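S.K.: Kindly produce the complete structure, drawing on both the sequences and the hints.
2 protein chains.
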Amino acid sequence: MRIAPERLLAFAAAALKAAGASDEAAEAAAFAMMHGSLHGIESHGIRLLPWYCEQIRTKLVKGAPDVTIERKRRAAVLVDADGGFGHLASYRAMDEACAAARDCGIGMAGVINSAHFGAAGAYALAAADAGFIGFVTCNASAAVTPFNSAEPIHGTNPIAFAAPNAGGDPFLLDMATSSIPWNRVLRSRTEHMPLPPQAALDDEGRFTEDAEAARALAPLGGDMFGYKGAALAGVAEILAGALTGMRLSTEHVPGALGDTGVGHFLMAIDPELFIPADRFAGRMAGYMAGFAARSSPERPVYAAGGPQWIARNERQKTGIPILPGLMAELSAEASIAGVDFP
Amino acid sequence: MRIAPERLLAFAAAALKAAGASDEAAEAAAFAMMHGSLHGIESHGIRLLPWYCEQIRTKLVKGAPDVTIERKRRAAVLVDADGGFGHLASYRAMDEACAAARDCGIGMAGVINSAHFGAAGAYALAAADAGFIGFVTCNASAAVTPFNSAEPIHGTNPIAFAAPNAGGDPFLLDMATSSIPWNRVLRSRTEHMPLPPQAALDDEGRFTEDAEAARALAPLGGDMFGYKGAALAGVAEILAGALTGMRLSTEHVPGALGDTGVGHFLMAIDPELFIPADRFAGRMAGYMAGFAARSSPERPVYAAGGPQWIARNERQKTGIPILPGLMAELSAEASIAGVDFP
Chain H
202 MRIAPERLLA
212 FAAAALKAAG
222 ASDEAAEAAA
232 FAMMHGSLHG
242 IESHGIRLLP
252 WYCEQIRTKL
262 VKGAPDVTIE
272 RKRRAAVLVD
282 ADGGFGHLAS
292 YRAMDEACAA
302 ARDCGIGMAG
312 VINSAHFGAA
322 GAYALAAADA
332 GFIGFVTCNA
342 SAAVTPFNSA
352 EPIHGTNPIA
362 FAAPNAGGDP
372 FLLDMATSSI
382 PWNRVLRSRT
392 EHMPLPPQAA
402 LDDEGRFTED
412 AEAARALAPL
422 GGDMFGYKGA
432 ALAGVAEILA
442 GALTGMRLST
452 EHVPGALGDT
462 GVGHFLMAID
472 PELFIPADRF
482 AGRMAGYMAG
492 FAARSSPERP
502 VYAAGGPQWI
512 ARNERQKTGI
522 PILPGLMAEL
532 SAEASIAGVD
542 FP
Chain E
202 MRIAPERLLA
212 FAAAALKAAG
222 ASDEAAEAAA
232 FAMMHGSLHG
242 IESHGIRLLP
252 WYCEQIRTKL
262 VKGAPDVTIE
272 RKRRAAVLVD
282 ADGGFGHLAS
292 YRAMDEACAA
302 ARDCGIGMAG
312 VINSAHFGAA
322 GAYALAAADA
332 GFIGFVTCNA
342 SAAVTPFNSA
352 EPIHGTNPIA
362 FAAPNAGGDP
372 FLLDMATSSI
382 PWNRVLRSRT
392 EHMPLPPQAA
402 LDDEGRFTED
412 AEAARALAPL
422 GGDMFGYKGA
432 ALAGVAEILA
442 GALTGMRLST
452 EHVPGALGDT
462 GVGHFLMAID
472 PELFIPADRF
482 AGRMAGYMAG
492 FAARSSPERP
502 VYAAGGPQWI
512 ARNERQKTGI
522 PILPGLMAEL
532 SAEASIAGVD
542 FP
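Residue numbers (my numbering), protein chains in the order written: chain H, 202 to 543; chain E, 202 to 543.
Treat the hints with care, as some may be off.
Same chains, same names: a pair is fine if it fits in one copy or spans any two.
What the hints assert, rightly or not - Calculated cross-link-like contacts (lysine to aspartate or glutamate; reagent style DMTMM-like; alpha-carbon spacing at most 25 Å): (1) K273 with D479; (2) K518 with D541; (3) K273 with D304; (4) K260 with E452; (5) K260 with D224; (6) K260 with D283; (7) K273 with D296; (8) K260 with D541; (9) K518 with D411; (10) K518 with D296.
Note that these hints are calculated values from the structure, not bench results.
It should be emphasised that the depicted structure is a prediction, and the values quoted were computed from it without experimental measurement.
M.R.: This is the structure:
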């Protein structure tokens with residue numbers, strides 16, 4: 202079953218409003234979920250809708266937050282999400298970072314008192330769509346061990362980076378700093394499939410490919426180079442958690458009442474800072490062309506974001522695929538909200 | 202054989218000056234090499250001295266460059282290395298980025314017309330030592346394939362990040378975005394040792410553990426997650442190469458005459474921007490303590506930089522170990538330069 206993106210977007214916004222979200226918070230959250238659903242990132246797509254609505258209905262997260270912006274220095278603003286979800290605050294934060302980058306060359310925003318913000322790449326892409334280089338990171342509840350340990354210290358702490366490419370689709374990195382996300386473990390349990398090697402650990406802190414035995418995730422890099430993934434997770438921890446004064450991953454309590462002490466970090470750079478726009482465009486085009494030159498139908502090679510643009514192009518034409526289980530959940534949400542399901 | 206750090210530093214500076222480097226360029230390069238030698242990063246330590254001296258003697262790289270700084274926007278400067286090595290320009294660039302961060306909250310510097318700058322972590326650490334969060338990246342001659350390809354597109358493109366930690370040693374990440382550097386392949390050939398799995402590729406673009414067969418390096422993440430390492434290499438490519446208008450990795454010609462069109466990217470953030478200094482220090486201390494709490498003598502767990510501080514503490518006491526082969530090279534350099542060897 203496939204649903205046209207614009208119809209799914211409208212449904213998501215309507216359901217969130219029915220649950221108690223303000224227009225602006227609902228639209229930002231719906232837009233961020235569509236980023237996931239449109240680009241084939243199902244984990245951060247429309248499947249989050251019932252979870253978001255439930256948190257608003259139960260007032261775990263504020264549906265109509267009063268998002269405020271305070272300029273702290275010439276190129277830095279602090280955005281207070283007021284205990285709401287991170288989508289609205291993060292889109293605004295990236296707008297502010299881009300404005301500061303236009304003024305000062307580089308700009309940044311910290312977001313405080315926030316909650317889940319979906320895919321970090323949504324905000325990095327917003328920067329690239331506005332003509333800026335964007336960087337976004339966030340930490341999350343501890344599920345990933347440090348290198349050579351059995352006990353989690355980091356969340357899956359995503360890093361996202363995007364750069365505009367005048368001649369085509371932008372460069373877009375959006376990655377967890379663990380090899381796999383926790384929902385990959387859950388899915389492998391349901392499907393009785395093995396996990397990839399060196400991606401998860403058991404009770405004893407040994408690598409396991411048995412999803413039932415998995416208790417923690419391993420940092421990107423596995424048994425020899427996992428210190429690199431763990432260090433990248435630390436970058437997220439320091440920028441999103443320590444710099445903002447918000448929670449460390451070990452302090453996050455997933456789903457707990459009022460657990461909205463989440464921080465995000467967003468940054469933008471003006472790519473026309475050092476060289477004229479056409480020269481930057483030429484450099485980017487040259488870089489991106491290198492991937493096409495190495496690609497063949499048998500062995501496709503993509504720049505970061507390539508698979509996402511393929512998903513987007515296809516889904517814009519044929520709609521967003523929804524599996525039966527999710528379809529039932531979304532129908533149920535439509536009934537609760539009293540809105541039409543597309 | 203061990204040599205006291207301060208004696209090795211003085212020797213390196215003297216040899217560089219004898220080869221034709223200006224006082225300031227020689228001292229910056231010597232200091233950057235000591236960063237490597239002191240912290241156990243031998244690949245970027247004193248072993249580079251003969252190579253640096255040779256490039257200055259043959260005028261491949263300018264020994265006495267006129268490094269200039271141009272403010273492009275309020276928080277962004279462009280540093281022209283004037284065809285010299287990157288050390289002096291990069292230390293100055295990080296100074297400027299920190300000054301801009303004090304003023305604007307965040308600051309950045311691009312370096313153009315540069316050459317090899319040693320370990321990226323040296324400049325990130327300089328920021329942390331000055332009380333700032335630092336980020337540094339650079340690209341390098343193409344040796345690393347994109348994900349799912351046989352043909353290199355990126356260099357080992359390092360990423361470095363450091364954050365001050367008032368209660369102890371800073372957080373310091375300094376990593377290649379490939380699993381291993383090329384000199385690991387060379388060393389494995391000499392020692393007839395296998396390479397780690399999924400770190401290098403043969404002529405056909407298949408993973409190989411045979412150092413003799415290795416023709417290219419693989420991005421961090423191996424056969425399943427190498428798209429993450431490749432995307433991180435792209436961040437370096439875009440910030441150090443495209444943003445500055447300098448060379449892409451595929452355009453670098455290692456060792457070629459006048460190949461100094463290298464760009465670097467440096468950034469600093471004031472950690473007292475959003476919260477008071479003592480609160481940031483508390484957040485950092487809490488984060489760093491998490492590693493100590495997970496560590497045991499049998500299974501040590503470190504925050505990023507931990508192994509480097511162990512090496513530094515030991516080498517400050519006992520000196521920097523120099524293997525016989527390198528000792529012979531350094532003695533030869535001392536003879537050419539006409540300076541005393543410690």
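S.K.: Does each hint fit the structure? Answer for all of them.
M.R.: Consistency of the hints with the structure:
In this assembly of identical chains, the alpha carbons of K273 and D479 lie at most 25 Å apart only when taken from different copies (18 Å versus 33 Å within one copy). Only within a single protomer do K518 and D541 lie at most 25 Å apart by alpha-carbon distance; the minimum there is 23 Å, versus 73 Å between protomers. Taking the shortest alpha-carbon separations for K273 and D304, both the intra-copy value of 15 Å and the inter-copy value of 11 Å come in at or below 25 Å. In this homomeric assembly, K260 and E452 come within 25 Å of each other (Cα to Cα) only inside a single copy, at 21 Å, whereas the closest approach across copies is 55 Å.
Within a single copy, K260 and D224 get their C-alpha atoms as close as 17 Å, which meets the 25 Å cut-off; across copies the closest is 65 Å, which misses it. Taking the closest pair of Cα atoms, K260 and D283 come within 25 Å of each other only inside a single copy of the chain (13 Å); across copies the shortest separation is 60 Å, beyond that limit. In this assembly of identical chains, the alpha carbons of K273 and D296 lie at most 25 Å apart whether taken from the same copy (16 Å) or from different copies (22 Å). When the C-alpha separation of K260 and D541 is checked against a cutoff of 25 Å, the pair qualifies only within one copy, where the shortest distance is 24 Å, while the shortest distance between copies is 74 Å.
For the identical chains of this complex, K518 and D411 are neighbours neither inside a copy (38 Å) nor across copies (47 Å), given an alpha-carbon limit of 25 Å. For the identical chains of this complex, K518 and D296 are neighbours neither inside a copy (29 Å) nor across copies (51 Å), given an alpha-carbon limit of 25 Å.
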